Amino acid sequence: MAINRGKNESFLDEAFLRKLETIRILAQKGIKGKTSGIHRSYKSGSSQEFMDYRRYHPGDDMRYVDWSVYGRTDQLFIKLFHAEKDLTLHILVDTSKSMEFGYSSKADYAKKIVAALSYIGLANQDQVGVTSFSEIIGQTKSPERGKDVYLSVLNYLKSLNVEGKTNFNTCLEQFANEGNKPGIVVVISDLLDPLGYKDGLRALIHSKFKLTLIHVLAQEEIGPTFKGNYALQDIETGIARNFFTDKKILQQYEKKMTDYLNDISNFCRQRGIDYHLANTEVPFEDFFLEYLKCEQRGR
Amino acid sequence: MGLFVLTLIPVLILIHSLRHKPVQQQVTTLFIWEEIIQEQAGKVSVKSLLKNLSLLMQIIIVVLIAIVLSNPVIYRKNTLPAQHIIVMDTSASMKTKTKTGSRFDNAIIEAIELISKNSASDSLMIIDAGNKPSINIQFTENKTQLKTILRQMKPKDIPGNMEKAVYLALSFLSKQSNTKIYIVTDGAGYDLNSLVKLNNNIIPVMISGGENNIGITQFEFRQRPGKKSEFEVLAELKNYTPEPVIVNLLIKSGRSGSTEIINRKIGLADNQKKSYVFPFSGKVLGTMTAEIRTNDDFVVDNKVWAVLSPVKKKNVYLVSKGNYFLEKFLKVYPNIRLTSSKTIIESSWPDIILRNDIIILDNVKPPPSLQGNFLFLNTIAPNIPIQNMGILTHLPITDWNKESPITRGIRLDQLMIGEAKKLLPVETLAKKPSSQNLTPQNLSSAKGVIPVLESNDYVLISTFHNDGLKAVTFGFDLNQSDLPFRVAFPVLMNNIFHWLSPVTDGFSSTSIKSGQPHEILLKDGADPISIRRPSNKWEKMIPSGLNLIYTNTDSVGLYKVKESQNNHSFAVNLVDENESQILPLNQMRLQSFNEQLSQTTSESSVVGKNTKKYPTQVWALVLILVLATGTLETIFWLKKGLEDV
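Top to bottom, those sequences are chains A and B.
Going by our numbering, the residue at position 66 of the first sequence is 66; the numbering climbs one at a time, nothing skipped.
Going by our numbering, the residue at position 633 of the second sequence is 633; the numbering climbs one at a time, nothing skipped.
Read the hints as simulated data drawn from the structure, not as lab findings.
All the given hints hold, so there is nothing to weed out.
In silico lysine to aspartate or glutamate, EDC-like type, Cα no more than 20 Å apart, as pairs: (1) A:Lys227 / B:Glu39; (2) A:Lys247 / B:Glu35; (3) A:Lys248 / B:Glu39; (4) A:Lys255 / B:Glu34; (5) B:Lys21 / A:Asp246; (6) A:Lys255 / B:Glu39; (7) B:Lys342 / B:Asp477; (8) A:Lys248 / B:Glu34; (9) A:Lys247 / B:Glu633; (10) A:Lys247 / B:Glu34; (11) A:Lys255 / B:Glu35; (12) A:Lys165 / B:Glu34.
Simulated restraints, written as ranges between beta carbons of each label pair: (13) B:Phe4 / A:Gly164: 58 to 66 Å; (14) A:Gly223 / B:Ile74: 51 to 59 Å; (15) A:Asp286 / B:Gln24: 28 to 36 Å; (16) B:Asn71 / A:Gln251: 42 to 50 Å; (17) A:Gly223 / B:Phe4: 45 to 53 Å; (18) A:Thr258 / B:Asn71: 57 to 65 Å; (19) B:Trp637 / A:Lys293: 48 to 56 Å.
From the derived model, a few chain B residues whose C-beta atoms are all more than 10 Å from chain A: (20) Leu12; (21) Asp122; (22) Thr148; (23) Asn178; (24) Phe278; (25) Lys328; (26) Pro528; (27) Asn536; (28) Trp538; (29) Ile624; (30) Trp637.
Keep in mind that this is a model prediction, so the values were computed, not measured.
We treat Cβ as the ideally placed atom computed from N, Cα and C, and that holds for glycine.
Given the sequences, and given the hints that come with them, work out the whole structure.
The following block contains the structure:
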């Protein structure tokens, strides 16, 4: 049953936020950025972490000439260091009507994930931006840096309304084409769009975003339990279909859902997308810690 | 009751319809469900069936209960042994000669074939369709015995009574039996068509062959009126063939029947019937025969017999003080021996009664008598339950019994009577409120009195017959009426004499038709008598009274009756125009019957002769089905319940 729990409640308690503060989002490879951040880039730069040598070319900064090597070899070499680059975290959160579904609302669950990711990102001096979408791209919280931004993120999340149909591909394609800063994109959605999800994800990959997909589903969606004669009504379109469900039908549904999830998982794996399934029945803290462990292992 | 239970079906459907109303359920998307729906599309009927299996089972249970309550039966083929009846036509026409023996010989062959076609477990009965149909052998499986009985059967010289025989056979038909009635007949002498229509189980087995017949269909002998020794012979001949024929008619007479009276060639056109009257004179004693010499196929009607007995005189005893008209009549009445007396001598009265055939008491009161033949004129016998209530004068005739044997051939409605006694039978008197002094004995015997002539409920002439006592009572004096002047008088007296003493002038019992009973009046009471049949076989019979009814007149010819002191003969002739018509049936109808028989035979061979559908009650079986379906429904319901959990 769709339950929309209070938009104004705090998504994360203080204790959990403190735990998260100690963890950083680790990027797996260098990402271009206009401003320096605390994330390493393979582009040589001015950080203290030595990377390699190269011959001196006229115009190079003389401060990076390694004079001890010159003394031994009588040749000029330039020290190369990992450049400290800034990281932009884009969080795309699905706010279509279907996200309202579940005893523990998927939208609430998604907002908690957004809040947690934002907190970690901001704690690590990353720029964090949040964008909602349903039929179209909705409200956008532009990427900003600093812990003080967190409050505005929370307010932003509180202001989000769950409504409208899902138009996953169009929205993601639009986001990819808007010329947003490169960085990490975390998509949080239930992916229950009859038109599919692949085109949207492909568009983001094509735009060089590092992509993470958090697939939020309620337990009733993964394994429904209602049996008998039902008029099934689409929560987004209002269209109803009479359906007699019994044990076999439900098993068939579960199989279809499993196939669907496997299909998503395979798609993501083949394209280097980090895929995480979030069952709203699992306590959020457990899911998120597990998610972070996976991220660290991936690194 | 079963139909009432069926009304539960709409209720069940209604209940199930209510139960199946869908519950609203929100889902985040329909596309997975729709995929399932599409996959299920091919299995929709099975699905919906399974979905409504409970309803279907409950409907089946209701229908089965309705069937149980309507006490269902199924008809199943039963191979129980069948029972068949063979009705054998033994009438005279079955004696007709054919190329392969007589028709009856062929009938025996057909009947034996029928018996052989039946299975060993079948029972058959044989009925003889003679003048008096009889069962020759009851239902038996013993085919040998049946065949033996058949071979022992003989056709008789009598017209058959196939209708009675068929009704007798039909009495053995029952609704559930597989009885067929085979009529083995030539179809001559009766309407076979209407008999076959009586029942579908009647199957005629037609016997044909031999179609030429010329027969004597009537033979009478009489004395010429007023001529003592002159007589006439009537012979009627019929040609049943489609061709004209000439036959030689030979009439013989004499004690041994050897004196030729007539020998004449007679021509008959096709299907022509001719009557000839031949006068002759002389003594008429012994036997007279008429015979046609022809080589036809049916000989039974080619010869007829008549027995000419000598005239026997009746002993008449008249007690009268003088009655001119009566005495005059008795003098001219032939063949009587009259004894007259003016008074009654009571001592010799019993002897008089024994010695005389008729006693006439004219205005003389008789003593009580328990036997004898009396004519009471204007007097009442004490044994006869009639009471005299007074005198009637100038009375009109209000009713007369035309059916009485003594009024045969006369009219009495114009009779004039000046004075008569007011006679009332005791039975009628008992019904009157003023009647007194009636004893039960009188009442019980009153039923013998039959009024013949009446005037305002008073009896003028009556008859009475009780045991050995026969009496005709006139309640008036002949001289007080115009009866002696009427033409009816001699006829009335003749009728009275014939009724009182039927032993007549010897011509009446000369011949009878074959199959008819012959009454033998005995002189010697209960002494045994012997009868010689035309086949010269003697039959011994013990009569129980003064007469004996002989019924075995199934052969044409002369029968000789031998008593201890008296012998006489009588003749039996066919003289039946229908039975002499030996043409079986027209060819078309014969063919139709044969087709019917062959169809029946072929059906019997295909389906099984003894196969018939018998109803069997199946409510118990249906009830078991109800329980089984109920159990299945319960299992299904429990299983579904577990699945839902």
